[in-house]
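Dock chain D against the given chain F, drawing on the hints supplied.
Residue numbers (the UniProt record's numbering), protein chains in the order written: chain F, 1 to 453; chain D, 1 to 453.
Check each hint, because a few of them may be wrong.
[What the hints assert, rightly or not] Covered, in the sense of this in silico footprint (three residues per stretch, anywhere, with C-beta under 8 Å from a C-beta of chain F), are these stretches of chain D:
id: 1; region: 287-301
id: 2; region: 366-373
[What the hints assert, rightly or not] Straight-line alpha carbon distances no greater than 27 Å define the calculated DSSO-like cross-link-like pairs of lysine-lysine that follow:
id: 3; chain 1: F; residue 1: K418; chain 2: F; residue 2: K223
id: 4; chain 1: F; residue 1: K194; chain 2: D; residue 2: K194
id: 5; chain 1: D; residue 1: K63; chain 2: D; residue 2: K27
id: 6; chain 1: D; residue 1: K223; chain 2: D; residue 2: K418
id: 7; chain 1: D; residue 1: K316; chain 2: F; residue 2: K316
id: 8; chain 1: F; residue 1: K63; chain 2: F; residue 2: K27
In short, the hints are calculated from the structure, not lab data.
Fair warning: this is a prediction, and the values are worked out from it, not measured in the lab.
From the three backbone atoms N, C-alpha and C, an ideal C-beta is built for every residue, glycine too.
Spelled out from the first residue to the last, the chains are:
Protein chains: 2
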Amino acid sequence: MTDILEKSQARQRLRSLSEALDSGALKQVARILNGGLSPSDIAHLLESSPPRQRALLWNLVDKDLEGEVLQYLSDDIRGYFLSQLNAQELADIIEDFESDDLADLLQQLPDTVIQEVLETMDEQDRQRVEEVLSYPEDTAGGLMNTDTITVRPDISIDVVLRYLRRHRTLPPMTDSLIVVSRRDDFIGMLPITKMLVSNPASTVREVMDTDIEPIPVSLSDTKVATLFERYDLISAPVVNEEGRLLGRITIDDVVDVIREDADHSLMSMAGLDEDEDTFAPVWKTTRRRAVWLGINLITALTASAVIGLFEDTIAKVVALAVLMPIVASMGGIAGSQTLTLVIRGMAVGQISGANVGWLLNREFLSGILNGLLWAAVVAGAAMLWFQDVMIGAIIAAALVINLVAAALVGTVLPLFLKSRNIDPALAGSVILTTVTDVVGFMAFLGLATIFYA
Amino acid sequence: MTDILEKSQARQRLRSLSEALDSGALKQVARILNGGLSPSDIAHLLESSPPRQRALLWNLVDKDLEGEVLQYLSDDIRGYFLSQLNAQELADIIEDFESDDLADLLQQLPDTVIQEVLETMDEQDRQRVEEVLSYPEDTAGGLMNTDTITVRPDISIDVVLRYLRRHRTLPPMTDSLIVVSRRDDFIGMLPITKMLVSNPASTVREVMDTDIEPIPVSLSDTKVATLFERYDLISAPVVNEEGRLLGRITIDDVVDVIREDADHSLMSMAGLDEDEDTFAPVWKTTRRRAVWLGINLITALTASAVIGLFEDTIAKVVALAVLMPIVASMGGIAGSQTLTLVIRGMAVGQISGANVGWLLNREFLSGILNGLLWAAVVAGAAMLWFQDVMIGAIIAAALVINLVAAALVGTVLPLFLKSRNIDPALAGSVILTTVTDVVGFMAFLGLATIFYA
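Chain F extracted, bound-state conformation (with noise of 0.2 Å):
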């Protein structure tokens, strides 16, 4: 009983799909694709799948599911299938879509397609997508819906009943109805909620929300998403400068951006793009992965200078070699722990000029607390090892050195990078790396050379 849903539906589901799809069985598979599944069900599955299988499984999905299903993939395999349809198959997809919907999917066409597709709407909906696509995607009016139902303040909650009930349906995700002027400028929220609980002879004014303060349109969705989060909304009103009222945001595509957030920091550590297709391709997999390879070749190659300075002295005392990647480790995995926190702490907004200072003083202590630690341990396996005194208090200085470096560079690394317009995410591990190999290996081997020489 754990697992009702998931037994019950998808997995049920998906083995006899993949049963279906092995046998060859293809009627079968179409029917239970496009009878049993939803098209957040379909998406998911064509994300699960290897190339073969999900170009096999887009070809048995129904003309009219085909335009729901691209709404829910993610970006790079939705690419994908947009690349090899015209626009007039395209033209006929998109009828249903919202206007933001619709803009996202655009963004990632040609210029060419995307005037051949504009030409075949309507012209009302044309220029609600051509507004849509004016703003970044990446910000609240890439975001925002311009399906908004609003009101005048001085009309009775009565009026504002029998004016829904005109509707056939009222758009998704509609907690409020926005209070506009005869200007379109917006004055206030009035939740659905709170008008069916008030005297139907109140008026609008009598009822709505005045203290929600409207999203600018140009603020960016990250920031949009932190609203969401902190006020629990379920849609929030866009405006201009001047507060005209330009649209609204809803929790729905709040939620992806709180997800694509997340999994942006997770992803860019490795080198990897939030947006990544699991399953793609071997030649597309080896050719991204080649150049984060290659990236990390340089700090390798550069931490192997380092070494090669010293070469006289290993020759020497050869322990040193076999020592020394320690250091350089330890050094590693502490900075990117101070790295990863200070990312996150940057993400959530915690962390601003007022705070950094105690941080850097923390994790300078926190450093030579954990070095002294560390730097006693290894200095006594290391002199139990190899029957040297010296050796154990160098490799224990180097420690030190090495996690205090770490400490500051995975501190002020982040905030210097975001100052300068570079994804800390991405760029940060690779430099700190860099540094803590070849201030770990400098340390060390410098320090022996000075004694041993």
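Leaving out everything else, chain D in the frame of chain F:
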């Protein structure tokens, strides 16, 4: 204008707050805190403050705001503040808590304190809380609220609307009413927006949605989050094994789960807790980091032990010491790319027994291709550097071996760890590094020993 909100709200208030704090104008601080800021803003401010400032601020927060602020704090910091309250103070604070938030909070307290607090509550509230407390925190049961509004299927929409109007307010995030039988069995959902556009004379049965599968109370919170993301839910009903309605889960709590799950992978891979307090004091930070450094020291010592086996070879050919970190580090980088990809794929439910074979094959091929590419580059560099063809050939072979090993271990290890109920994000990177270090040094120095012997 880019950052209206940021400048006007957070930053400006933060700046005046920190100026007031610095100048010791505590009355002014208290006025800003309790006047203009929302409980979630105050919580964020506390999380962004070093310990001394944090304690000072907490003391200035109005008594009747404390409860709400606590709800927005992360476990680590909340636990600290809670530990300083006695049972009566606790009871005062938690009066207005929702049952799921209260259960979360109580779970952080010692059992004796929980009992004391429960005794101060009235019968009905106590039962509600004890019910939620009886489910593990990381399941649907631990996540749900019991404040549902339920209706019967056979009444008319008009009656429902009149029934709602008798409420003073509706529970937050009420986008749907839950339709249940006389025995409280779940039947369907009645979206409020759908009700508003329906004929008031129709019955609930005619208007309600029945294609929604209720969430089993024991489903894991991660799976609950997947359902919310996949079906764009705002609230969802929770049922027991017999299908009886127990409560409902709302998107605001699910967003927290999504954030925590995503943070978990990032933080665990660096040996940090996802709930880690960015501004934890020195001694706490040092202690936690020490454990992780100690574990990683075992990896480093293992690597040293492997190198130690080949001391004689290194003494003969010192160039080996210079080049050996390249082999180990490239293996580590390649492995951590695969590991991160697989951990992310597992977290979003893309990877299963059905496709892991394909994945392993792709990683193997990609490992060989990148191995050959970078082996050629590194071999060329090594030959030029040391004017020795043999050393180039040896490092090339070792690199290919280590990149392939990294690809295989990076794919299989997280799946194996998960099957053993060990957290792959936490244990994965340490074990992987051990493997790539050992294989790297062993392959490179081992081959060198054979050919230079």
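Hints breached by this structure: none
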